Amino acid sequence: MSARWEWLALLGRAARTQRGAVGLALAGSVVLLAIIGPFVAPHSPTLSVTGTFVPPAPGYPLGGDTIGRDVLSRVLAGGWLLLAVAAGATVLGVGAGVVVGISAAYLGRVSDGLLMRIVDVLLAFPPLVFALLLLSVLGSHVWLILIAVAVSHAPQVARVVRATALEVCERDFVRAAELLAMPKRRVMAGEVLPNLISVVMVELGLRFTYSILIIAGLSFLSFGIQPPAANWGLMINENRIGLAANPWGVVAPIILIAILTIGLNTFTDAIARTSLGVERPTEQFELAAAGIAAGATP
Amino acid sequence: MTHVHRSEEDQPPLSAPTAASAPAAPVAESAVVPGAQLLSVEGLRVVIAGSQADVVDEVSFGLDQGEVLGLVGESGSGKTTVALALMGHTRRGLAIGGGRVMFDGRDLLEPGAALRALRGARIAYVAQDPASALNPTLKVGTQLREVFRAHGTGRLGGASAEERIGELLSEVRLEQVQHALDVYPHQLSGGQQQRVMLAMAFACRPDLIILDEPTTGLDVTTQRHVLDTVRGLCRSYQVAAVYVSHDLAVVGELADRVGVMYAGRLVELGATGPVFRTPGHPYARGLLRAIPSPTRAHVLVGLEGHPPPPGRRPPGCFFAARCDFAIDACRTTAPAPVSLASGEHWARCRRAGEIIKLPPLAELPERDRVAEGGNEPLLRVEGLSAGYGERQVLSDISFTVGARRCLAIVGESGAGKTTIARCIVGLHSRWRGTIEFKGTQLEADRRRRGRDVISRIQYIFQNPYTSLNPRKTVGQIVEQPLRELFSLPRKERARRAEEALEDAALSGEYARRYPDQLSGGERQRVAIARALVVEPEVLICDEVTSALDVSVQAAIVELLHRLQRTRGVTLLLVTHNLALVRSLADDVLILRDGQIVEHGPSVFDQPKSEYAAQLLTDIPRLAPA
Amino acid sequence: MSVVTAAAGRGSYRFRRLARAHPVLCHVAVRVALGIVTLWLVSVVIFAATQVLPGNAAYAVLGRSVTPQRLHAVERLLNLNRPLVSQYGSWIGGVLHGNFGTSLANGESVSALIGSRIVNSAVLVVAAGVIGTLIAGVLGMLAAARRDSSFDHGASVIALGIAALPEFAVAIALVILFSVLVLHVLPAVSAIPAGTEPWQNINELILPVATLAIVIAPYIFRIVRGAMIEALESDYVEMAQLKGLSRRRVLLLHAFPNALPPVVQVIGLNLLYLAGGIVVVEYVFDYPGMGAALVDAVSNRDIPVIQFTVLVLTAFYVFVNITTDIISLLASPRRRVAG
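Chains as they are written, first to last, in this note's numbering: chain A, 120 to 417; chain B, 120 to 744; chain C, 3 to 341.
Isolated chain A (complex conformation):
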């Protein structure tokens, strides 16, 4: 199947498996809730409308939060920005990682060494720490969060992509294209990249999950999306002290995040399992999910 539609067909195949369907349903329902949420919230998510940490009552099914805002409304409104930033960071990070990975694999020796050294340096920073480093000086701007998270994904993706791309580059059809004096850029884009589709799809799924976790984590630490806007991560933190009085302020966002990420992970697993062909994505998924690339360091 040609590259253009293969990725779509792959998603379709994955969605039809048992795992895929379950994962898609779980993740999809949370995404839907996050998108529609702000429009159907019964109260304003930012105004205090009830007592501090009041337990669930009619009109306030999830009770009140740390300053008396309606937990339900905040939960409904608190997801979309998180998802949007996570999606943006994922696409940016995976895109950069793919470019770096293929270039390192194909251009060989010197470029490979140089690129992988840069990758190694960036990999030394745990993702959360790197974001904190950047945010500490410039402040918690949404665009900065997006870039910081993207930059922390790119090296990991580059490693995984490079490993698979190396295997693809060994194959004779790449030699055959080179024999026609094709310029390097076109060989990489036209011959190598189309054979990395399932790797890239699995990475997109995995990194999206990580993006959500990191950004929620940043918000939890109060460095993410700033109050008073509703934000799941922030809610979990600010409502912690009232855990005994009204746990919903903490539990509801946690449940939503959990369903979303578990669903995503399951769906990504389904993609890995249904991928046919030469990329052996199930093994790659295992390794990538564990954070390493098969045949890692140069």
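Calculated directly from the structure, the hints in this document are not laboratory data.
Owing to the predicted nature of the structure, the values given are computational and were not obtained by experimental measurement.
Think of the CB as a built atom: it goes at the ideal place given N, C-alpha and C, for glycine as much as any other residue.
Any given hint might turn out to be false.
[To be verified] Which residues of chain C face chain B? A few of them, derived with a C-beta cut under 7 Å, are:
| id | residue |
| --- | --- |
| 1 | C28 |
| 2 | L244 |
| 3 | L247 |
| 4 | R336 |
[Said to hold, decoys possible] So these bits of chain A aren't anywhere near chain C, every CB distance computed over 10 Å:
| id | residue |
| --- | --- |
| 5 | P161 |
| 6 | L226 |
| 7 | A300 |
| 8 | G336 |
| 9 | R359 |
On the provided structure of chain A, position chains B and C as indicated by the hints.
Relative to the frame of chain A, chains B and C by itself:
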């Protein structure tokens, strides 16, 4: 004068015990009653686990003590599945579906059969790829000794494990390898690794050895050594063997009897001589006509199509779709084994009685050689030296290739033949010397070569499974050279691509398919079409048949020959298959360790060098018709 | 090895012969050298992030309370009025001498302030690493040996689920379960009294360590299972079975050693992951470690402390990386012994 080439008149096999060591007389107590049949397979059936789709079925044969049975077939025939099932083992995803394997009075396929005690001790296995069958993290000695750990030394007639190991090493000719026991497998060569496998197999003096294509990937000389060792050991220990292979010539030299497998069925069984001389089954006959002979250059006849995979096998005879002799009854009901001639020769074909009377090779015409003379040298190589990094691979190679001739470059692996091909086409640029094409010097860096030159010299890769981009259609693949090297309107490109496909014997409708929908032979044809589409003058073929089945090879070989004749293409054939060389080549260049040993049109008829003569004798020979 | 040859260039024939003769030593030397280079580059990045980015760091530190005098004072304190390279030079010089500057928040020496916290965090990381690896490793091997059984499927599904959860979710779930709502047996806050060592306060340690162990367990489980399965499906294991060896010998002597290299690598990566994970976990449990210090420092814009903690965390990564690489090398004879 036809007789199976046996080893009675050979020099003593390499494994003959030297004066220093005690003769390896079969002292060990064999539990088998002498004269009784050692192994009896009845209706063996292996299915895909969890389904009724059979991979192998109705396999029945017997084996006497000391007898060697060859099991031949192509990929997908089920021969390895049968071989493993003889030990009660199936690979993941398969399961025993029925039948019995009677060994020494016990059915090995019964649940609860004490297989572990038998495996390695009385029935041993030699795997196909020693590099992956030996554990990379354990030393060779450990892997040898653990056979004795598991089975004890009871069968050794009093010798200790260490003594026995010493004996084994000399029997397989490893005693000269320093510290053979203390090294890791990757430190040995392919041939040495295979000899370690043989040592492990013969260690406990088994009654039966199963060998699964043990010489695949070894070059002719090493293969000869391994075969002689196997034959010698089998003889001195009176060990029965089942030798699985796709190489009929190898089986022909070693086996007393031969069984031919096709699509999971045993389609013919008999003594080696009769089966290879006068086969009764059309498939066996077809195989024999597809194999190049090292002694006679005849036209090869391939078999179109491919065997039906498990789960999709038709009700009648599985071979009917590809069979020249098929009649209506063949397609509806499966044939039963038909007894032929004397004793034990039978074939699973209704018309076996007639077929047996048609010698397979008789009417195959000799290859008509391309006319010699008036051939200006198209390609001239002078003083070519090349290497990888520091390693020098070629030293001062000089030769010419005449127009419209076929030059075969042969040699062992590592001799440098692929390197020459890659230098000429521009895949390898670290070389010194001169390569001239029609008088113009070729640049080492292919990017500096003009489009014109590039289009005139084309390359066909060995592995058709990796030389086509799985994400492109056949049409896109074949058009690609046109797109890169010339600027032609789309319709013109499509037309030329279709022409090229037809030249490669594929209909135009293949253009819309993807490579993973094609068989190995079809893929290789696509690769050939891709090379043809720019109308080259030189076609460099790098081991283009090595990854293909025998019956498919023949078709590709004939295709190449036809191109040489009708299109006037000059062929440069890199290969290690010497019989193929005999069949196809006009000139032969023998390479050894990066240097030319011999070069000329009649190297195999009258070899001038010792090396060439040695190579000729090392080639395994099928029983000549 | 290709790095070596690439770096050595064409002329150093002797060096390459040496390299081939002693692959292990050579590899170790190269890895250590690369590690030092990486660490140096990391320090540059840290420095750049905190003191070079647009928006004068002094402004960032002072936030809203900017006045010209205060600005001047902070600039002098942070040496911001000197050229960048010299700023970096003095900073790195100080670092190499053990002087990490003074905290902007409370004026004390950074190393004195944070030094003890390193030990606290190390205890968490090591304890969680060991416990998580052992439990998950054993489960992974069992799952591989009983492939496709209900145990295997169940464990894999649970692993997939847990792997998707954020650490704070696991932490809070444990708090809900064991401290606040369901049971009340463990403290929700791990306040280690100053002056005592972490191992003297086991009760305080249980929840944070459990959180971290749970967080890394699924990854270890998956990789051990995956690597064992691959080893069990290999040709050499099939050969061992066909030689009639006992199942235990096949599993332990043939399969396991070949599964080791990827497992070691993943363990290393998870230790690194823990280094990031402690940030959130220490914050949740108010545990006096490096992670909590970093969070505080970021809130206070306490740049020297930020620099110090990040440097320690990344140095930890480089060290773990080198170690796992060497262990991986030693476990694989094909790379260890010249072929």
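Comparing the hints with the structure gives:
With a cut of 7 Å, the hint placing C28(C) at the interface with chain B is violated, because the nearest CB-to-CB distance is about 17 Å. At its closest, the beta carbon of L244(C) sits 4 Å from a beta carbon of chain B; the interface hint therefore holds under the 7 Å criterion. Because the closest C-beta pair between L247(C) and chain B is about 5 Å apart, less than 7 Å, the hint holds. Taken as an interface hint, R336(C) checks out: its beta carbon lies about 5 Å from the nearest beta carbon of chain B, inside 7 Å.
Separation of P161(A) from chain C is adequate, the least Cβ-Cβ distance of about 26 Å exceeding the 10 Å criterion. Distance to chain C confirms L226(A) as a non-interface residue, since its nearest Cβ pair spans about 13 Å, more than 10 Å. The beta carbon of A300(A) is kept farther than 10 Å from every beta carbon of chain C, the shortest such distance being approximately 26 Å. At the 10 Å boundary, the C-beta of G336(A) falls inside the reach of chain C, the nearest C-beta of that chain being 6 Å off.
The Cβ of R359(A) does not lie farther than 10 Å from every Cβ of chain C; its closest approach is about 7 Å, which violates its non-interface assignment.
The structure fails to meet hints 1, 8 and 9 from the earlier list, while all remaining hints are met.
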